[in-house]
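Given these sequences and hints, build the entire structure.
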Amino acid sequence: MNDLVFAGMDGVLILSAYAIVMLLIGYFSGRGDKTLHDSLSNYYLAGKNLGIVALFFTLYATQYSGNTIIGYAPTAYRTGFSWLQSISFMTIIIGVYLLFAPRMYVVSKKMNFITPADWISHRFKSKSVTILAVVLMLWGLGNYLLEQLVAIGHAASSLTGGTIPYQVAVIAFVLVMLIYEWLGGMKAVAFTDVMQGLVLMVGIVIFLVGAIYLVGGDFSSATQYIAANEPAKLGVPDMMTSVNWFSMLLLVGLGAAIYPHAVQRIFAADSERTLKRSFSRMAWMPPITTGLVFVIGILGIALIPNLDTTGSEQLVGLMANEIAGINGFFYWVMIIFFGAIVAAIVSTADSVLLSFSSIVSNDIYGRFINPKAPEKKKVMVGKVTGVAAVGLLLWIAWNPPATLYEIFVLKFELLVQVFPAFVLGLYWKRMAAQPVFWGMLAGAIIAGVLTWTGYKTVFGIHGGVIGLAANFFIAVVGSYLVPLTVEKEAELKKIDLA
Amino acid sequence: MEKKQIKEPIRKKWIWIALLLIVIGNVPWYLPIGSYEPLIFGVPYWALIILAFSLILCGFLSWVTLKEWDIVEDEEEAEKRGRVNE
Numbered sequence: 000m001n002d003l004v005f006a007g008m009d010g011v012l013i014l015s016a017y018a019i020v021m022l023l024i025g026y027f028s029g030r031g032d033k034t035l036h037d038s039l040s041n042y043y044l045a046g047k048n049l050g051i052v053a054l055f056f057t058l059y060a061t062q063y064s065g066n067t068i069i070g071y072a073p074t075a076y077r078t079g080f081s082w083l084q085s086i087s088f089m090t091i092i093i094g095v096y097l098l099f100a101p102r103m104y105v106v107s108k109k110m111n112f113i114t115p116a117d118w119i120s121h122r123f124k125s126k127s128v129t130i131l132a133v134v135l136m137l138w139g140l141g142n143y144l145l146e147q148l149v150a151i152g153h154a155a156s157s158l159t160g161g162t163i164p165y166q167v168a169v170i171a172f173v174l175v176m177l178i179y180e181w182l183g184g185m186k187a188v189a190f191t192d193v194m195q196g197l198v199l200m201v202g203i204v205i206f207l208v209g210a211i212y213l214v215g216g217d218f219s220s221a222t223q224y225i226a227a228n229e230p231a232k233l234g235v236p237d238m239m240t241s242v243n244w245f246s247m248l249l250l251v252g253l254g255a256a257i258y259p260h261a262v263q264r265i266f267a268a269d270s271e272r273t274l275k276r277s278f279s280r281m282a283w284m285p286p287i288t289t290g291l292v293f294v295i296g297i298l299g300i301a302l303i304p305n306l307d308t309t310g311s312e313q314l315v316g317l318m319a320n321e322i323a324g325i326n327g328f329f330y331w332v333m334i335i336f337f338g339a340i341v342a343a344i345v346s347t348a349d350s351v352l353l354s355f356s357s358i359v360s361n362d363i364y365g366r367f368i369n370p371k372a373p374e375k376k377k378v379m380v381g382k383v384t385g386v387a388a389v390g391l392l393l394w395i396a397w398n399p400p401a402t403l404y405e406i407f408v409l410k411f412e413l414l415v416q417v418f419p420a421f422v423l424g425l426y427w428k429r430m431a432a433q434p435v436f437w438g439m440l441a442g443a444i445i446a447g448v449l450t451w452t453g454y455k456t457v458f459g460i461h462g463g464v465i466g467l468a469a470n471f472f473i474a475v476v477g478s479y480l481v482p483l484t485v486e487k488e489a490e491l492k493k494i495d496l497a
Numbered sequence: 000m001e002k003k004q005i006k007e008p009i010r011k012k013w014i015w016i017a018l019l020l021i022v023i024g025n026v027p028w029y030l031p032i033g034s035y036e037p038l039i040f041g042v043p044y045w046a047l048i049i050l051a052f053s054l055i056l057c058g059f060l061s062w063v064t065l066k067e068w069d070i071v072e073d074e075e076e077a078e079k080r081g082r083v084n085e
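Line by line, the protein sequences are chains A and B. Everything in the first sequence is counted per numbering that gives the first Met the number 0, starting at 0 for the first residue and increasing by one. Everything in the second sequence is counted per numbering that gives the first Met the number 0, starting at 0 for the first residue and increasing by one.
Rather than coming from a laboratory, the hints here were simulated on the basis of the structure. Cβ atoms here follow ideal geometry from the backbone N, Cα and C, with glycine treated the same way. Please note: incorrect hints may appear among the correct ones.
Over the 10 Å line for every Cβ pair with chain B, so calculated as not near, a few chain A residues [claimed, not checked]:
id : residue
1  : ILE170
2  : TRP397
3  : VAL476
Straight-line alpha carbon distances no greater than 25 Å define the calculated BS3-like cross-link-like pairs of lysine-lysine that follow [as the list claims (entries may be wrong)]:
id : chain 1 : residue 1 : chain 2 : residue 2
4  : A       : LYS126    : A       : LYS455
5  : A       : LYS428    : B       : LYS6
6  : B       : LYS11     : A       : LYS47
7  : A       : LYS47     : B       : LYS12
8  : B       : LYS79     : A       : LYS47
9  : B       : LYS79     : B       : LYS6
10 : A       : LYS371    : A       : LYS108
11 : A       : LYS33     : B       : LYS79
12 : A       : LYS376    : A       : LYS108
13 : B       : LYS6      : A       : LYS492
14 : B       : LYS79     : A       : LYS108
15 : B       : LYS6      : A       : LYS47
16 : A       : LYS109    : A       : LYS492
17 : B       : LYS11     : A       : LYS428
18 : A       : LYS47     : B       : LYS66
19 : A       : LYS376    : A       : LYS126
20 : A       : LYS109    : A       : LYS428
21 : A       : LYS47     : A       : LYS455
22 : A       : LYS108    : A       : LYS124
23 : A       : LYS124    : A       : LYS492
24 : B       : LYS12     : A       : LYS428
25 : B       : LYS6      : A       : LYS371
26 : A       : LYS109    : B       : LYS66
27 : A       : LYS371    : A       : LYS109
28 : A       : LYS108    : B       : LYS11
29 : B       : LYS6      : A       : LYS109
30 : A       : LYS371    : A       : LYS33
31 : B       : LYS12     : A       : LYS492
32 : B       : LYS79     : A       : LYS455
Right, dumping it as structure tokens:
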């Protein structure tokens, strides 16, 4: 993407504008709140007081990254209509929330939870289960963050046609992110998400309008082209793809719903009504987000045919280039759109980083190292560790290890292993700590080894899903073997609702 | 005051059966592999079927979220109103 027609100073201008707006929002959201940095709940969860607008947009901007556009359009380009699955796997996340969020919300308010590990620790009262869950969550979050950091650089440097080099772009935006997050915590993250989410939504629609204009306003001309040249991309996919589609629904649905930053948004809601309404609106977002990105990818097949895998990764930039060439209006809209992509990546990265810091503050430092420390100190430790972690991740991004690379790709595969403990534990009182631990460990090892050795999927089923099946099996069968004591049962009555 | 019935989605089996059926319909395993005709407004027939199921999935989940989930909402909203009236 080094020769965008809109490359250069105009791009730098727009990116700077985005950066300034983000900093201003961060500054104002932190100003005037003297208790913000003295309390874990205030800093990491906005005082558990997020209203409908902020909650909805922070759910949206966190779930849909700029990567969703840059990455999903090429996938649609390469695989064709079977990428319709991107609508359903993003929707099913709401279904998984319905499994646990209603009760989790009530319990989290009652017990004043800060992180998902608070729940795990409360439920199982086992150091080993908590530590393993924390490690899996930090690992998943760290890799997720790494991916976003790399994406910021690619998007920003291609927007400015290399006027801003890749590394400078990353450092500049990471600094902006660190500053506003430092100043305002979750409040800053949520309020910037409102801006970032809005520009992303509008940007996708205008991009699609431009792409449809380029194919002559006629979607069927694009599909006719595909029918004549690459009919496989138009047809019903083979059975393996369908199996993979089911597996994707499981992996993304279960994994994305229990992402720590996603769970913390349940904790941060100001009321059940707010949470319900946000989720209810989120259920309609996939068709107008990943759905439209899918259409963009399909149009790309006709507009810019015959790209190989590496070439297709540049699809969004190539199309933006052509759209920007239509006229002055589209030119500026495309610059704003590419800025929006960068903003949307930042909005995902900031939430992940905040969650990472909160786990360090609350679960590592606060739980195991210095439980008696004042909350202000715990918050500070989390913030500083967050900055250090970003530094380390940047170093990894620029010096990618020659081997073990796959370790840094594992996200959902590992995270999803926390699911049985997290959700089943909410309803099933028999569930015992030891089998949960061994299940989680076995699941993580199976998922890790399969992915690492190149078997990302077996007969279309993801390694993470296979690991999860083993995990469930061990946790459930094992729990039946452990006798349930009367005291334990009485203690667990607390999580009952009525 | 009479104790109000709480609504929690996990307790309603029909929600999960319906969800499973929608998801099963949402993946094109039951359609002839490779077929794409007729094209309707340029869209393969099967993609429209899948899209319809996807939209049903969105609508169903959105609706269930609003209608079948009510645990502490009334208390919370009453409390909020109380605070405002103070």
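Task: Structure versus earlier hints, numbers of those that do not hold, lowest first - done: When the structure is compared with the hints, numbers 4, 6, 7, 21, 25 and 32 turn out to be violated.
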